[in-house]
Each structure stands twice: as structure tokens, then as C-alpha cells.
Amino acid sequence: MKKYCSHYEYLTFKRSGHEFDGKISWNFDRSLILKDRKIINRFDSKVQPENVKIMNTIEEASRN
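Note that this note's numbering has the sequence shown beginning at -16, numbered continuously upward.
None of these hints come from the bench; they were simulated from the model. Among the clues, some could well be false.
Below 20 angstroms or equal to it, Euclidean Cα-Cα: the simulated EDC-like pairs (lysine to aspartate or glutamate) are [stated by the list, open to error]: (1) K29 with D12; (2) K6 with E43; (3) K6 with D27; (4) K6 with E42; (5) K21 with E42; (6) K18 with E43; (7) K21 with E43.
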């Protein structure tokens, strides 16, 4: 079995138990992760950092 770094493994493997698991398509995919390690969303590398969807997700998370 190939070994992966723990961060990559947590983001991609289904046994991690979050809804945003799966293949990372490129090195610059974006995962939004809270302090408690909860993944709140994941975006493809083609989505720009200032995209409305990313900004809304960050704003919503900061309210909670």
C-alpha cells in the first residue's frame, strides 16, 4: 500500500467520515477547514480565491 501524508489522506479517503472526500484533481484545490478539523467545503483549483461561493462559505463559517 502506498503511504500518503496524513493531511492528504484525511482530505481524500472515504474512511475520514466527511462529505468532501474523494480525489483531489490538482495541487491547488482548496479545502476550507475549521479549527476543529471539520471540512466545510472543497473547491476545484479553477475556482478563484475571490469567488463568491468561497467568500460566502467563509462569511457563513465566521458567523458560527
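Now the hints, each set against the structure:
no. : hint         : result
1   : K29 with D12 : holds, 8 angstroms
2   : K6 with E43  : violated, 26 angstroms
3   : K6 with D27  : holds, 11 angstroms
4   : K6 with E42  : violated, 26 angstroms
5   : K21 with E42 : holds, 16 angstroms
6   : K18 with E43 : holds, 15 angstroms
7   : K21 with E43 : holds, 14 angstroms
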